[in-house]
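Chain residues, written in single-letter form:
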Amino acid sequence: MSVITTKKLTKKYDDTLALEGLDLTVAEGEVLGFLGPNGAGKTTTVRLLTGMIAPTSGSARVAGLDPVADVERLHETVGLLTESPGFYQKLTARYNLLFFARFYPNIGAEAQVEKYLKLFDLWDRRDDRVGGFSKGMKQRLSLARALLHEPRLLFLDEPTAALDPEAAHEVRGLIKALKGEGRTIFLCTHNLDEAGQLCDRIALLHTRLVTADTPEGLQARLFKRLVVVELESVPEELPRRLRRLDYVKNLTAEGPVLKVELEDFDARRPDLAEAVIEAGGRILSFREDEHSLEEVYLKLIEEGGNGGSGRPAA
Amino acid sequence: MGAVGRQLKNIVAKEWKNSFATVSVILFLTLLPVILAGQAAWIILASAGEGAGMTEEDLAKVPPVPVEKLVANREALDELDPLGRMNVFIFMQFPLYLLLIPCLVANGLSTFSIVEEKQTGTLEPLLAMPVKTSVLLWGKALAGAIPAVIATWVSTGLMFLAVSLFGPGYFGKFFLEPIWLIFFLLLTPLVALLCFALGVIASSRAQDAKNAQALSLVVILPILGLITLQVLGVALFTPLWMLALSGGFGLAALLLMKAAVALFRRETILVRWK
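Chains as they are written, first to last, in my numbering: chain U, 367 to 680; chain H, 247 to 520.
Think of the hints as simulated: they come from the structure by calculation, not from any bench.
It is possible that part of the hints are untrue.
[Stated by the list, open to error] Heads up, incomplete: computed chain U residues facing chain H, CB under 10 angstroms, no partners named:
1. Glu442
2. Phe469
3. Phe589
Beta carbons are placed, not taken as given, at the ideal position from N, Cα and C, and that holds for glycine.
So here's chain U without its partners, still in its complex pose:
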């Protein structure tokens, strides 16, 4: 069952196109990584889906609600972690959370605040002013605020941006835990490692949706599957003998490394290993060629990113 569906969702700021014709669905329990360069329309999309701004055209349903018509009900239902933590610096961590918690009907504000301050390891600092907190602590507090009303759908806008590696690691750990609880997460990021670690599916945005697929699916669609064979040395006859095999579609040799494209990739890999050994090759390693998410991202942006001129979301 999908919890987010958009149809031709479009947003223009004056004459500038920020998002064009977004068609997207997100299934319940899914973690969707929303990737794209700065100004690609990620924050605009989050703001549209959370009812903070209205679309120029197109429509969306989020958790069964219309973000324009049912904005207050939507805010009772979803959690939003904004790009900037945004806390009252002179007030304590506990009071900040209590203030936000009291907007939600039918939650025990005090109990929820205590629960999340403890869960995010901030209970001992509950009576300290937020102004004295590190960026990592503020981000944890921000995540706590997004969870106070126990939303099943979370929008996280750049949750680890501007954090040092340790703090970013901590926050990623928290997001993994939320994923483990089966919550649906819409994660805006341009951290590719983060997306690879956390997301079931990745949507790439560059004013319009370039593509959406699993990380593996994206790799498979963009790059041919190749076997990389590293040899001690390459016997003179070996490449020619391998090329004669009917299941070898293509072969390139770079020094002691062969890259081989196969017909029926998974079934023929053992045959290839056998053939290399028979031809006198001494194998040091035998593996499938892998492409990083960064390579996938750059290739996709290069191929599909010329369609718009979105301005950075305000």
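Fit chain H to the known structure of chain U by using the hints.
Here is chain H on its own, set in the frame of chain U:
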């Protein structure tokens, strides 16, 4: 208490807790009203004091003033000599001047509140809460207007105390005049609300608190204009005129609050406010 009432209470409590954690806000809230009311007391006492040693001949030179138009307590008025009538006339002119207190305090608190939200980035998470922007803004308006009204009442009360203690005894008979009641109960809250709304509008356009306050100080111009008309003798603000002014300020306050709510829409704030 309904949901809206609870949300308003939550917003007002936060606004006060946050504002009163700032020393400059507390100083502003206490010193400004005391200085303005102190000035008023000093002028009233000085003019009453100078007359203390006047001869019958001097008293005869005091020009007649239309004090009957301002005062309901005729019996107390009839007991006064020309100088006393002049002093009461001056005393009854001060409500307009003292309106600067709710105006400046409410305006200052609103610019502080909105600009701080902009600077600390709290507006976006706040706008993601399940609350109507009109409730949010009315909560802020109450949080700004209530201290402004209290500060005006307290400082004007102190002024009354000073003129009672150090001035001629008859001033006390004119404290509950309609002009002062309209000032306390109508004009002060309405001017506070009006100036709060103007502060929000100015803050939405300004980059920082200083600019916002400079821009929003334009709000005192109509009040200064009224004071000028009064000082020049062009207009005499009788109780009826004060009621009409209350109506005008009330209407302007509602219209400006509506404009402020329109400016406070989520999309406007996120996309247009810088």
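To see whether the hints hold, each was checked on the structure:
no., hint, verdict
1, Glu442, "4 angstroms, holds"
2, Phe469, "4 angstroms, holds"
3, Phe589, "39 angstroms, violated"
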